[in-house]
Amino acid sequence: MESIKTISRIGLKHIFVYSILFTCLGKSQADPDENVQHYQYSANVAKARIDLAVPAAPAMQILNTGSDMLMRPGNVREVGIAISDLLQAGGSIELSPALLLGDVTLSEYQANPFLYRFRVSVATGSTSNGDRDYGWGFRFTILDETDLRIDKQLQDSLVKLGHEINSIYMECTRTIDSASAENPIRIQEHIDSCFTNLYDQRIADVREIAKVKNWNKPIFEVGIAGAASSSDSSLKHLIQNKYGLWMTGGFPLLNEKGQIVIGLKALVDRNASNKLADTEGSLAARGYIGGNKFKGFLETDWMMKKNLLPAFSINVGGELNVLNGVWIDCSIGISKQRNTEAALTNSFNIRIATPEMTSN
Amino acid sequence: MPVPILQKIKFNPDGGVIKVELKFQTMLLCTYDLDYRETGSNSSVAGFPCKGDNSNAQDDVYSLPMPPSVNMNRSLWIFVTVIDQVGDGGSYQVDIIITQDGNQLGILTPGEKKLVGNLKSEILIAKFIV
Numbered sequence: 001m002e003s004i005k006t007i008s009r010i011g012l013k014h015i016f017v018y019s020i021l022f023t024c025l026g027k028s029q030a031d032p033d034e035n036v037q038h039y040q041y042s043a044n045v046a047k048a049r050i051d052l053a054v055p056a057a058p059a060m061q062i063l064n065t066g067s068d069m070l071m072r073p074g075n076v077r078e079v080g081i082a083i084s085d086l087l088q089a090g091g092s093i094e095l096s097p098a099l100l101l102g103d104v105t106l107s108e109y110q111a112n113p114f115l116y117r118f119r120v121s122v123a124t125g126s127t128s129n130g131d132r133d134y135g136w137g138f139r140f141t142i143l144d145e146t147d148l149r150i151d152k153q154l155q156d157s158l159v160k161l162g163h164e165i166n167s168i169y170m171e172c173t174r175t176i177d178s179a180s181a182e183n184p185i186r187i188q189e190h191i192d193s194c195f196t197n198l199y200d201q202r203i204a205d206v207r208e209i210a211k212v213k214n215w216n217k218p219i220f221e222v223g224i225a226g227a228a229s230s231s232d233s234s235l236k237h238l239i240q241n242k243y244g245l246w247m248t249g250g251f252p253l254l255n256e257k258g259q260i261v262i263g264l265k266a267l268v269d270r271n272a273s274n275k276l277a278d279t280e281g282s283l284a285a286r287g288y289i290g291g292n293k294f295k296g297f298l299e300t301d302w303m304m305k306k307n308l309l310p311a312f313s314i315n316v317g318g319e320l321n322v323l324n325g326v327w328i329d330c331s332i333g334i335s336k337q338r339n340t341e342a343a344l345t346n347s348f349n350i351r352i353a354t355p356e357m358t359s360n
Numbered sequence: 361m362p363v364p365i366l367q368k369i370k371f372n373p374d375g376g377v378i379k380v381e382l383k384f385q386t387m388l389l390c391t392y393d394l395d396y397r398e399t400g401s402n403s404s405v406a407g408f409p410c411k412g413d414n415s416n417a418q419d420d421v422y423s424l425p426m427p428p429s430v431n432m433n434r435s436l437w438i439f440v441t442v443i444d445q446v447g448d449g450g451s452y453q454v455d456i457i458i459t460q461d462g463n464q465l466g467i468l469t470p471g472e473k474k475l476v477g478n479l480k481s482e483i484l485i486a487k488f489i490v
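As given, the protein sequences belong to chains A and B, one line each in that order.
For the first sequence, our numbering assigns the number 1 to the initial residue and increments by one for each residue that follows.
For the second sequence, our numbering assigns the number 361 to the initial residue and increments by one for each residue that follows.
Some clues are possibly wrong.
[Unchecked claim] Stretch-level coverage of chain B by chain A, calculated; a stretch enters the list once three of its residues show a Cβ under 8 Å from a Cβ in chain A:
hint : region
1    : 376-386
2    : 437-443
3    : 457-471
4    : 478-485
Everything labelled a hint here was simulated from the structure, so no lab data went into it.
Computed from a predicted model, the values in this text were never measured in an experiment.
Backbone N, C-alpha and C define an ideal beta-carbon position, used for all residues, glycine too.
Let's have the full structure, built from the sequences with the hints guiding it.
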């Protein structure tokens, strides 16, 4: 009954998509394999939806530590404190070595963004039997045309505004008398009397326009990570037991109206016979239509794990940016594992990120 | 608007060319307008004002008129506006280094600062004396 209600909410136009899907899935049902297991349907297949993004800290992802434990230190001193916390309490840390070690200027960043976007992550955690887990990871942003720092058009607009502001100050200070010109406090008072703060909003507006324009520009990221565990803290018995690879590409669709995001994830784990042979892979694609504030999406993902039957899902939904830093996303869809019935799925999530500074 | 930085710079009227170099230690966007004003007046010396920004790798170096003695009591006004291009904030340091014949005559700097909001302006003034 619940499924019927859900389908009626989906609307007729999606039935066509589902019909195609059921036709494809019907073929796989006729191909049973006794040597493979099924996922626990309610718990696992519904979760088969794959996160398309290369994780913020691949080391954390491979250890499956909570995202609230991620630290992003900004300077060398903070790194020292973060590592000390990490070793004692567990958690993860992600940093860009090139940004951390060098006093980077804007022109240096623009000349070599790949170097400054390269991030290293480290994570630690404990298992239930007292073993210590260590994770490491690298994140490479090979291409990111959404980066406002390399947007020349935005930069030219902001440079123009900056000179406009400087000119106002310059002309204002021309009317100052020569006695006041020797006194910084009187210069400041004079300037404050002839300057308005409208430019703060103008800069926020120009940046917002650039964001709307850039949201679906090409981006390509790769992340790799490994996890090791040790039965003691001496690192003598450290055994590497997991490797992971993530790849994400985003490309424009219908000019500024849409985007296609493709994600790939591969994991190799140590199995019961102590060999790095348990493999897991997933591939997902998502098509967005909409703007930075609201996007509708259609996504599909496929997941396989050694000794388990592959699972497939297709979802349709939307993402709404309700407040600065707050998104709501909801979707409905169908999940299917080979040799099992298809199931209707739905999700509703509220995601919260650091609010973006828009004006003073 | 922060209090402008005003510094008197002693130079050798019989020495070589006085050079002014602007250095920006930041990933924020900085624009500057540089005005060189006549003694006891607010009018600009010929060839000024000049402007630039930190979005290229070229050095931001300017030479003051020769012979050096003509610079007596003139003042250099540097208007810098720091802009947050990305929206993440950040810190910045702007240094104005004045040299003559390879010797440093002075540095004008507001020191390392954090940008709160979308923009911040700094005014640095160098008055040339002997």
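**Prompt:** Among the hints numbered above, which are violated by the structure, and what are their numbers in rising order?
**Reply:** Those not satisfied come down to hint 3.
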